[in-house]
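Enquirer: So in the numbering used here, spot 417 of the sequence shown is number 564, and the numbers just go up one at a time.
Hints are computed from structural coordinates only; laboratory data are not their basis. Be aware that a few hints might be false.
Pairs of lysine-lysine residues, derived as DSS-like cross-links and limited to a Cα-Cα distance of at most 25 angstroms, are as follows [as the list claims (entries may be wrong)]:
| # | residue 1 | residue 2 |
| --- | --- | --- |
| 1 | 217 | 232 |
| 2 | 660 | 745 |
| 3 | 518 | 490 |
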Amino acid sequence: MLHLKPPAWTKDELSKLKAAGCTVSSAFSPRDNSLAVFTSTTKASSSSWTGAVPIDNDVYLTTLDRVPSKLRRDFVSDTYVTFSKLSRHITDLRTRDPLLLQSEDALTTYSNVVDDYLVALSAHIEALEHRGPSSQRSSAHYQSLYSSLHLMQTVYLPASGSRRGLVGEELLDWLNRNFIAPSTEEGVSLAALDTPWTDANFWPYIVRSVLRGMARSAVHFLAKLENHPSPYLQHLAGSLVPLLGAHPRSSAYGMDNEFFLAWRQWKERVAVLRREFDAMPQREGVDEWRAEVSDILGILEGNAEVVLRSCKDSEAGWREAVCVWGVWVRVGLRRDDLPELVKDVVEQLPADSTSVEDMLHMALLEGTFGKVIEHANALDIWLVAHMTDVLGPLSVLDDLPDQETAVSVRDYLVLSYAEYLRADPHLWRITVDYMYTCGELGERMADQILLTVPITRADAGGETRDVEMGDATTAATAPSSSATNDATIGGVEALSEICREHAREHVRRQICKNAARIFLQQADYGLAISYYLSAEDYAGIGRAANRLLDEFVEHGPQKFIEKAGQIAIGLHLPENLGEQAVFAHRLLFVQRYAEFHKLCQDGDLSTAAEHLIDMFNAEIVPRTWWALLLADASELLSSGQLVFRSDEICELLGRLEVLQSRVQNGYSAESLGVLAKIGQGDRTRLATKRLEVVRLSLARYYARCGSIGVGGRGHLVDDWVVA
Numbered sequence: 148m149l150h151l152k153p154p155a156w157t158k159d160e161l162s163k164l165k166a167a168g169c170t171v172s173s174a175f176s177p178r179d180n181s182l183a184v185f186t187s188t189t190k191a192s193s194s195s196w197t198g199a200v201p202i203d204n205d206v207y208l209t210t211l212d213r214v215p216s217k218l219r220r221d222f223v224s225d226t227y228v229t230f231s232k233l234s235r236h237i238t239d240l241r242t243r244d245p246l247l248l249q250s251e252d253a254l255t256t257y258s259n260v261v262d263d264y265l266v267a268l269s270a271h272i273e274a275l276e277h278r279g280p281s282s283q284r285s286s287a288h289y290q291s292l293y294s295s296l297h298l299m300q301t302v303y304l305p306a307s308g309s310r311r312g313l314v315g316e317e318l319l320d321w322l323n324r325n326f327i328a329p330s331t332e333e334g335v336s337l338a339a340l341d342t343p344w345t346d347a348n349f350w351p352y353i354v355r356s357v358l359r360g361m362a363r364s365a366v367h368f369l370a371k372l373e374n375h376p377s378p379y380l381q382h383l384a385g386s387l388v389p390l391l392g393a394h395p396r397s398s399a400y401g402m403d404n405e406f407f408l409a410w411r412q413w414k415e416r417v418a419v420l421r422r423e424f425d426a427m428p429q430r431e432g433v434d435e436w437r438a439e440v441s442d443i444l445g446i447l448e449g450n451a452e453v454v455l456r457s458c459k460d461s462e463a464g465w466r467e468a469v470c471v472w473g474v475w476v477r478v479g480l481r482r483d484d485l486p487e488l489v490k491d492v493v494e495q496l497p498a499d500s501t502s503v504e505d506m507l508h509m510a511l512l513e514g515t516f517g518k519v520i521e522h523a524n525a526l527d528i529w530l531v532a533h534m535t536d537v538l539g540p541l542s543v544l545d546d547l548p549d550q551e552t553a554v555s556v557r558d559y560l561v562l563s564y565a566e567y568l569r570a571d572p573h574l575w576r577i578t579v580d581y582m583y584t585c586g587e588l589g590e591r592m593a594d595q596i597l598l599t600v601p602i603t604r605a606d607a608g609g610e611t612r613d614v615e616m617g618d619a620t621t622a623a624t625a626p627s628s629s630a631t632n633d634a635t636i637g638g639v640e641a642l643s644e645i646c647r648e649h650a651r652e653h654v655r656r657q658i659c660k661n662a663a664r665i666f667l668q669q670a671d672y673g674l675a676i677s678y679y680l681s682a683e684d685y686a687g688i689g690r691a692a693n694r695l696l697d698e699f700v701e702h703g704p705q706k707f708i709e710k711a712g713q714i715a716i717g718l719h720l721p722e723n724l725g726e727q728a729v730f731a732h733r734l735l736f737v738q739r740y741a742e743f744h745k746l747c748q749d750g751d752l753s754t755a756a757e758h759l760i761d762m763f764n765a766e767i768v769p770r771t772w773w774a775l776l777l778a779d780a781s782e783l784l785s786s787g788q789l790v791f792r793s794d795e796i797c798e799l800l801g802r803l804e805v806l807q808s809r810v811q812n813g814y815s816a817e818s819l820g821v822l823a824k825i826g827q828g829d830r831t832r833l834a835t836k837r838l839e840v841v842r843l844s845l846a847r848y849y850a851r852c853g854s855i856g857v858g859g860r861g862h863l864v865d866d867w868v869v870a
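Produce the entire structure from the sequences given, and follow the hints as far as they go.
Expert: Right under this line is the structure:
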C-alpha cells in the first residue's frame, strides 16, 4: 500500500474516480527511487470510457524514501556546506595537478573537513539529547556515526598529513573520546570515600585508568594509599605514582628515536619495580590487592596477555585492545601494521558480528574497503556517501567506473544519498549540488530536477500554488499577479544562478523558456519576452509578439498599447539572426505599431505617419497586416492634415496594388485576415470594400498634393490658402 504525503486526492475525489471507471496507477522510474502517480482507466471500463476524468489528471512525482525530519534536515543542510567546500577544493586540486590530491597538505585539508563533519554530528547529538529520553535511540545512532567517521579520520587522515607516523597515541585518543571508561561518575563516587580502597570499584577503576593512559586519574587514587594499613602497598603505590607520571608519550617527542630511547629507559624503571613486587612475601595482599597491582605492572611492562585479559570484560572489548596496543605492547605500531594486529586481537577477543558499528570499525582498521562501504551503508546512507567522498581522492577505494554503468563507487553512493534527499522537495538545491559532483549521469539527473522544480504562480481564486517548470497545461489558466510574478522571477533567477555555477547553459535556457511560457499564458508579455530572449528562443519571442497582436484584434488599440508597454524599454535583439530574424522583426513591428497608436491618441499625426511609412520601409510589417496599416493611413488622411509626402503616398499606393493583386489571385483570406477580423457581418466583403475606400482616399490625397504643388507635410486648408 502506497501512502502519499500530503494526499493527492480526497476520499470524495477517489469515489468520483471509481464511479467514472478510473483508478490511480503508478509507474516506477528505472533509474532512481522515484515513481509517478496518475489517474487511468480500469481494464473493465476501458471499452466504454468516455474520456472524461472527474478530477484533475496531473501526474504526481514522489519517491519511496521517507521524508527527513526537521532535525535531520538541519543536519543535512549543515553538512552540505562542508561537502561543497571539499568538492570545490578537490576540483581545484584536480585542475592544477591530480598528484596534489594525495599530498600531505591535501590530507590535512581532508582531515579538517572531517573535523567539520564531526562538529555537525556533535551538535546534532546534543540537540537530540535535549529532546529527552524519546530521542535516546536516535542519539545513539548518531554517536555511532561520529565514532565511525572519527576512526576513519584517525586511521587514514591524520592531522599532520603524514600516515607514516606512530599511531598508538592517536588510536588511544579516539578510544577515550568515543568509548569513555572508566566513567566520571565512578571517579566522583570513589573520591567521596575516606578509604576508597575498600570499595569494590577501586582497583578496577585504577586498572582501567592505567590501561587507558589516564595517568592523572590513576595517580590521584594511588596517592590515597599512603594511608593504607599495608606498608608494602604504601611503598608500591609511592613508586607507581612517579612512574606513571613519567610514562613517555610519543606525541611529546619530535623524533621517533628520541621517544624509543625514553621508552626503553622508562621500561627499565618498571622492571625494577617488578622485581621489588616479586620480592614481597608471597601471602602479602592476596585476595585484596596483589593481583590488581600485578596487572598494573603487567600493563606497564607491555604484557600482551595481561592487556588482553584487562580488555576482555570491557564494553569496548577488542577495540580497546587494539587501541591500547600501540601505547603499552607495541609502541612502534604504525598504520600499516593494523590489519595484522586486528586479526590477532579478534582471534582472542571476537567482535560482535551482529553490531554494524563493530563490523564497520573492524573493516576500517583492516583496510577492507568493500566491507567498509557495506557496513557504512547499512548504518546510514549519509555516512557512506560522505565517507567515500572523503576517501575517494586517496585512491584507497576501487573507484574505477563500472564498465556497464560508467559510474564509480563514490559517484554511485553520493547519487544514492542525493536520491534519498529527493524525498524532501525543500532540499532540491542541495540534491542537485550533490548530483553535479557525480559525472555525466549525475549531471543529467540534476538537470532533470532543475527542469521540474516548482515555481510560484497565482490560481484563479487568488491563492498561491506551485507549478512545475515544465507544466504548461496546469499553468495555462493562471491570471497575472505582480506579487506572484516577483516570487516566480526570484525562483527562476535562483535556478539560473545554479545553472551558471555548474556551467549548465542549456538547462538555464530551458528554464527561462519554461518560465517565459508561463508568463505568456498569464498575458505578462514583458516578462515572457525577456525570458524568451534570455533563453535565446526567438521563435518564442515571435509567439509572444503574435499574442500581443491578437490583443489588438480582440481588444483594440488601448489594451494593445498597455500590453505592449510591458516590453522593457531599450530591449535589443542580437543582429545577424539569419532565419530567426523574422521573429525579431515581428517584435519590432509590435513595438513600432504600439508607438504609432500612442502617437495617434496624443494627436501627433505627423510623427505617427512617419512611423507608419518607416514600418513599411523597414519591411517589418507582416503581409497579413498590410491591409490594416493601409486603412490606418486612410484614417490619417481624413484628419485634414498633410501628413504624407507625395512619394510616401506613391509607396502606399504601391503596397495597395500588391495587396489587391493578391486578393484577386485568391489570397483574400491571408491578405485581408486581420482587417476582416476587426469588421462586423460579412467581414471579408467589408474588408474588400474598405480597401476600395483606402484606394480612393490615397488617390484623392495624391491629387491634392499635385494640384497645390506640395510634397511636404502641413495643414491642407493653409496650403490651399497659400495656393
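Enquirer: Next, verify each hint and record whether it holds.
Expert: Evaluation of the provided hints:
Between residue 217 and residue 232 the CA atoms are separated by roughly 23 angstroms; this keeps the pair inside 25 angstroms, and the hint holds. Taking the CA atoms of residue 660 and residue 745, the gap is about 30 angstroms. The hint is violated against a cut of 25 angstroms. For the proposed pair residue 518 and residue 490, the alpha carbon gap of about 15 angstroms is at most 25 angstroms, so the pair holds.
Checked against the numbered hints given earlier, this structure breaks only hint 2.
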